[in-house]
Amino acid sequence: MQSFSADKERFLPALLFFAAVLVPVSFFSVQIAAGRLNAAYPAAWALFTALTGFFIIYTGKVSFYRRIFFGASAALFLVHFKLSLFSAFASVGPGEAPYCHIIMASSFFNYFYQQYLAFMSGDFRLWGPLSAAFLWLFFTLVLGRAWCSWACFAGGIDDLLSALPAHALIKTRLPAGMFRDFPAALLIFMLLVSLAQMLPVYCLWLCPFKLTPVFLDQDAFIRKIQLGLMFFALAVLLLGPLLTKKRTFCSFLCPFGAWQAFWGRLNPFRVTVVDTEECAGCFTCLDSCPMYAIKAGPDGKPERAAYCNLCGECLAACPNGRLSYSVFGLRSPDIKSGFGRLLTPESFLVFSALVTGGTFAALFAPAALKDAVDLLRRLGHLIIK
Amino acid sequence: MFAILSEGFLLGLSTGFHCVMACLPALVPYLLSEGRIAWRANCRIFLEFLAGRFLAYSISAVVASALGKISQPYLPTWAAPLAMALTALFMLASLFFSRQSRPGEKCLVGSNPVFKRVPLAIGFMTGINICPPFVAAFVRLVGLADIGAGLFYFTGFFTATSLFMLPVMAPALFMNERVKDIGRMTLFIAGIWYLILGIKGLL
Numbered sequence: 038m039q040s041f042s043a044d045k046e047r048f049l050p051a052l053l054f055f056a057a058v059l060v061p062v063s064f065f066s067v068q069i070a071a072g073r074l075n076a077a078y079p080a081a082w083a084l085f086t087a088l089t090g091f092f093i094i095y096t097g098k099v100s101f102y103r104r105i106f107f108g109a110s111a112a113l114f115l116v117h118f119k120l121s122l123f124s125a126f127a128s129v130g131p132g133e134a135p136y137c138h139i140i141m142a143s144s145f146f147n148y149f150y151q152q153y154l155a156f157m158s159g160d161f162r163l164w165g166p167l168s169a170a171f172l173w174l175f176f177t178l179v180l181g182r183a184w185c186s187w188a189c190f191a192g193g194i195d196d197l198l199s200a201l202p203a204h205a206l207i208k209t210r211l212p213a214g215m216f217r218d219f220p221a222a223l224l225i226f227m228l229l230v231s232l233a234q235m236l237p238v239y240c241l242w243l244c245p246f247k248l249t250p251v252f253l254d255q256d257a258f259i260r261k262i263q264l265g266l267m268f269f270a271l272a273v274l275l276l277g278p279l280l281t282k283k284r285t286f287c288s289f290l291c292p293f294g295a296w297q298a299f300w301g302r303l304n305p306f307r308v309t310v311v312d313t314e315e316c317a318g319c320f321t322c323l324d325s326c327p328m329y330a331i332k333a334g335p336d337g338k339p340e341r342a343a344y345c346n347l348c349g350e351c352l353a354a355c356p357n358g359r360l361s362y363s364v365f366g367l368r369s370p371d372i373k374s375g376f377g378r379l380l381t382p383e384s385f386l387v388f389s390a391l392v393t394g395g396t397f398a399a400l401f402a403p404a405a406l407k408d409a410v411d412l413l414r415r416l417g418h419l420i421i422k
Numbered sequence: 012m013f014a015i016l017s018e019g020f021l022l023g024l025s026t027g028f029h030c031v032m033a034c035l036p037a038l039v040p041y042l043l044s045e046g047r048i049a050w051r052a053n054c055r056i057f058l059e060f061l062a063g064r065f066l067a068y069s070i071s072a073v074v075a076s077a078l079g080k081i082s083q084p085y086l087p088t089w090a091a092p093l094a095m096a097l098t099a100l101f102m103l104a105s106l107f108f109s110r111q112s113r114p115g116e117k118c119l120v121g122s123n124p125v126f127k128r129v130p131l132a133i134g135f136m137t138g139i140n141i142c143p144p145f146v147a148a149f150v151r152l153v154g155l156a157d158i159g160a161g162l163f164y165f166t167g168f169f170t171a172t173s174l175f176m177l178p179v180m181a182p183a184l185f186m187n188e189r190v191k192d193i194g195r196m197t198l199f200i201a202g203i204w205y206l207i208l209g210i211k212g213l214l
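The listed protein sequences derive, respectively, from chains A and B.
So for the first sequence, the numbering used here puts the first residue at 38; every next one is plus one.
So for the second sequence, the numbering used here puts the first residue at 12; every next one is plus one.
Extracted from the complex, chain B is given alone in its bound form (with noise of 0.2 Å):
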């Protein structure tokens, strides 16, 4: 098992860099917009994202591993955009509901508990997003057609790939209530590119 762990761990170190690209513009905007000067709490958004990819990851490796086992290595083509189009939906609505009002401002719409778990369904849509190094993984796992091993392999993979991913909490040094401003803007862009990204998969 230590021998799967290291080879989906190299994997991971050695693509590391294309995960980024793909995870930085969903990530990103939300840390700017919701996130706080304070460390911990960003710490906390960021957690939740790489449980969300850790979660996306698990079940990718069941679904792989178990595909091997039928001899049927492709999964079906409308999971991931459909993934892509709620979470998108997910990210817009967040920007409705997890705004807290500021002295001297009423919100017309008030924050609601659920939207708090955005970076986590921000974290499951990129873990699911198919781009090379997670389709090398993946057709991998559909070979070994074992699904112990997948989760290990898996595993290996998404700790070397969120070593990479550490420096997106740099900008939480600038934050002021003017950056999030931005961040909410961005956010919105990136949900409505990831919303006509996601109904073009699925058209």
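Extracted from the complex, chain A is given alone in its bound form (with noise of 0.2 Å):
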């Protein structure tokens, strides 16, 4: 019977939270699908979201429930994105290739630059870059850092390659701390360079998405280096996280996430130690971090650093539990049951990634759970025949 009422109170708070997340992000989800795909799929897509909330909320477990939406979102973005578009990008230049935030960041001087023209040519009521820009805006208020752990789909890839291994065979702490910042780098040479060259240059040399070679230069020479720095790209992408355990894309070659570290501290959302004085020490939350975004502070406690993306890894494997997420790292009560718990910053965190992850992936989940269904059907009628 005490079983039964425990299970209660988390039960319908998680149900509650369920509804919450299901309402907007199925709503958000059929208006994006409106006209293309039939309404089942994208309530699929919302369904499954609105699952990945409860299961957090009635476990408490918000890494690993994070992990399984985020890689399955990432999933999905490749078999619709890349897996349909492949053929088409036989036909397009890098000018009318699909929307992909990354290369918003580099390529933030060339918007303003456009949008200067925009306005010039008295076209600005026009969908513009301007209208990105906003969107951004509200996604960074709205998530901040937590972007790169909720819905990026390059950060999904990253992210469960490096859940794979059980161990890792390559320990980076050196490499990380010389190296933590070169995304900054990366980011401040190509915004200049893009403008310079009024091209996405992140795309045209390193994206590791591109796997054709349309993009690339006509020089032989120019090209056999960009062909050289995609490979090197997709190697980060694809097999450092499976020797390092880490998101070594996401941490070393993103611009994209030095520019959420950047502006991600408009966000209210932190990882704070709830008491650092009960702090063993025992580092485990930095050797935990995908990010490298934890590192041994001068008082020999664990300092946060700005790459943090609120991931929950850290959280999950505090043995002690003395990690939380805050506002603004203040305290708040730790509430662990009731409806009470809904209104801790953990849930609200969830809430808002949830909410903006889900409708992010409804560009593309939603069309991907088609493509399946529709390979599934063939597959049924060949083997029918």
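Please keep in mind that the hints were generated in silico from the structure rather than gathered at the bench.
Keep in mind that the hints are not guaranteed to be accurate.
What the hints assert, rightly or not - Computed from the model, here is a short list of chain A residues facing chain B with C-beta under 7 Å:
{"#": "1", "residue": "D218"}
{"#": "2", "residue": "F219"}
{"#": "3", "residue": "A221"}
{"#": "4", "residue": "A222"}
{"#": "5", "residue": "F226"}
{"#": "6", "residue": "L229"}
{"#": "7", "residue": "A233"}
{"#": "8", "residue": "I259"}
Owing to the predicted nature of the structure, the values given are computational and were not obtained by experimental measurement.
Where is the CB? At the ideal position from N, CA and C, for every residue including glycine.
Build the complex from these two chains, which are given one at a time in their own frames, with help from the hints.
So, in structure tokens, the structure goes:
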């Protein structure tokens, strides 16, 4: 009886949370897919997102269920966005490539310039880069750096792969300290060169998702270097996490990560040590952080860097449970069950992240589900024949 | 002469944004890497950079006017990429030879005063960069075929385009050791980038 009561204490808030996530995500998903897809596909995606929320609140395991949601979103991105467009890429140039948020950071000055041109030509009322900038600002205020652990498709692949090995084959503490700011250098360089060349330099030179030579330069010498860099980035994205159990692409090569680390300060959510005195200084959190975002502070206690993207790995790893989500680092009551649990910073973060991440993934996830169903149907027909 | 000076100045004013776009990838990484929180130190880097540009423009003015006189309106194609590759090598070398060791740290390579002149080289490289405003000025001077007028023209052009570059001093407000390390990494990437473009132009 006591067990049933305890279960109810967790089940009902989780159910309410499920509904709170389901309503906005299904609304936006259906709107996004309207006229293109059967409503069942966006509804299925919204249901999956809301179920993630349910299990997070019911079990209290943020990172575990986040990873399932995040990995599924990234896998669906690969299914639809890449495979279905693979043949289309043969006939389009970089200017017509589909929208990608990673390029937004490194081409930000270009967007400013284009927006200036739009103003000058009187077309500012039409869809312009400024509109995209407002969307980005909204996401940054709502999620900040958490974007990289809840919504970004490249991050999802890196995150999923980093979870596969049981142990890290290569320990990378030293290079992490030296090169953790490399994405910031890459960002500054790309901002300037993209503007100078009026080209998406990140896409042309580094993006590992191209998987097609269409974007590459006509000059054979430059083409070889671009191909070399593309394969290097692909290795960092795919092999790096398998060898180090860390998100190597996000940590060392993603300019958007550096961009969000800078602007993410606007977002109120943080990971903080609940009681510094009680922290044993074992640095389990440091080893568990897939983003190299925790370092040893001068007082022998862990110090969280701006690169933290609120994935929750350190919260799950801390043997004493001394880490928690907070708003601007302020302490809040530690409520583990009942409806009060829905008013904690953790619940607000998970709600914001799932609604934002779920809606963003609605751009490709329902279509990917349809792709998968179509593929299964075709396979079924083939087997029957 | 005032008319030719103001013509160059107006061309610089109307195309200065393009000049800034071409110069920033070279100047900003260096300023972040070697700049100081003190304005005076950054001003010195900036003025050296401008001196390099002015030198490049003056040489270009003489060359363009001389080419106009002998009716041969073009530059050797290897000149710009060679300067670009050399400056890139200078930028990369400066990473090793201009760094001062911090307290408790030992540098493997000692600082060399030659590499304190990197802003001059970067300014020179961006000065002879074949960008649309530069080409417009160059073509005009080939037509004029007058070395004195050419120098005045490029002086006006240099003055106007330099105005657009003043905002690059702003990052100095945020200078600290971490920013300088980021600047060094950016300088490294920029050096490699210009080296690749230079070699591509030479091949």
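Verification of the supplied hints:
no., hint, in the structure
1, D218, "5 Å, holds"
2, F219, "6 Å, holds"
3, A221, "5 Å, holds"
4, A222, "3 Å, holds"
5, F226, "5 Å, holds"
6, L229, "4 Å, holds"
7, A233, "5 Å, holds"
8, I259, "6 Å, holds"
In this structure, every one of the numbered hints holds.
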